[in-house]
Amino acid sequence: QITLKESGPMLVKPTQTLTLTCTFSGFSLSTDGVGVAWLRQSPGKAPEWLAIFYWDDDRRYSPYLKSRLTITKDTSKKQVVLTMTNMNPVDTATYYCAHSTRRFRCSGGRCYYFDSWGQGTLVTVSS
Amino acid sequence: SVLTQAPSQSGTPGQRVTIFCFGSTSNIGTETVNWFQQFPGTAPKLLIYSDNQRPSGVPDRFSGSKSGTTASLAISGLQSEDEADYFCAAWDDSLKGHVFGSGTKVTVL
Chain Z
1 QITLKESGPM
11 LVKPTQTLTL
21 TCTFSGFSLS
31 TDGVGVAWLR
41 QSPGKAPEWL
51 AIFYWDDDRR
61 YSPYLKSRLT
71 ITKDTSKKQV
81 VLTMTNMNPV
91 DTATYYCAHS
101 TRRFRCSGGR
111 CYYFDSWGQG
121 TLVTVSS
Chain P
128 SVLTQAPSQS
138 GTPGQRVTIF
148 CFGSTSNIGT
158 ETVNWFQQFP
168 GTAPKLLIYS
178 DNQRPSGVPD
188 RFSGSKSGTT
198 ASLAISGLQS
208 EDEADYFCAA
218 WDDSLKGHVF
228 GSGTKVTVL
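Protein sequence lines, in the order shown, are assigned to chains Z and P. Everything in the first sequence is counted per the numbering used here, starting at 1 for the first residue and increasing by one. Everything in the second sequence is counted per the numbering used here, starting at 128 for the first residue and increasing by one.
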């Protein structure tokens with residue numbers, strides 16, 4: 001059974017750096033065709049994809065936030081970490097990590113879909 | 128949102144409801160579409176992937192299809208427990224990233 005759980009601060013101040021950890025179980029991030037993604041959702045809005053770490057250590061970022069994001073993994077701890085710099089009140093949202101699977105007979109970042117999500121963690125940006 | 132959905136839709140129990148997701152040639156027109164269901168206070172759940180594939184456990188009254196730059200999710204035999212928000216998503220080859228629809232809230236009357 002695949003499970004993911006997000007952890008990190010509930011409150012950050014403007015200009016600070018946010019660090020979120022996704023701890024997962026039930027799969028290996030070294031398995032061909034697997035990824036772990038980070039997404040967020042502001043209240044009443046659609047989800048927004050932020051970044052993804054692939055099984056082959058490749059990673060991709062949202063073009064809108066690329067300059068502020070870094071995604072890394074800790075294989076031994078089965079964790080994927082997202083850092084976002086220069087936090088702003090508009091970054092207030094629930095942040096999710098999600099297991100991603102590559103479609104059959106497809107290659108590249110376009111091929112992945114988010115098939116299992118964590119429960120999410122609410123991050124508020126306020127002074 | 129890059130993908131456009133009607134904000135709300137309603138139906139009566141047993142009715143068939145279709146939700147549309149409008150995109151462009153850089154996303155829906157050339158890439159597959161996924162659909163998510165979300166209840167208040169919970170994480171989105173994958174409902175349909177690769178345009179029309181249902182993950183294990185998803186009832187077969189949920190179905191997906193696509194034509195050109197428009198994708199659709201049909202719920203046949205609408206039930207009260209289907210009252211939720213529904214989001215479409217796809218890869219956008221111009222942006223080089225995953226994009227989501229604005230979401231449709233389905234109300235069961």
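Don't read these hints as lab results, they were simulated from the structure. One thing to keep in mind: the hints can contain errors.
[Unchecked claim] Here are the in silico distance ranges between beta carbons for each label pair:
(1) Z:Asp-32 with P:Thr-234: 39 to 49 angstroms
(2) P:Ala-201 with Z:Met-10: 37 to 47 angstroms
(3) Z:Phe-104 with P:Thr-196: 21 to 31 angstroms
(4) P:Asp-220 with Z:Asp-32: 17 to 27 angstroms
(5) P:Ser-177 with Z:Ser-30: 18 to 28 angstroms
(6) Z:Thr-85 with P:Gln-206: 40 to 50 angstroms
Cβ atoms here follow ideal geometry from the backbone N, Cα and C, with glycine treated the same way.
Of all the hints numbered above, which does this structure not satisfy? Sort the numbers upward. Violated: none.
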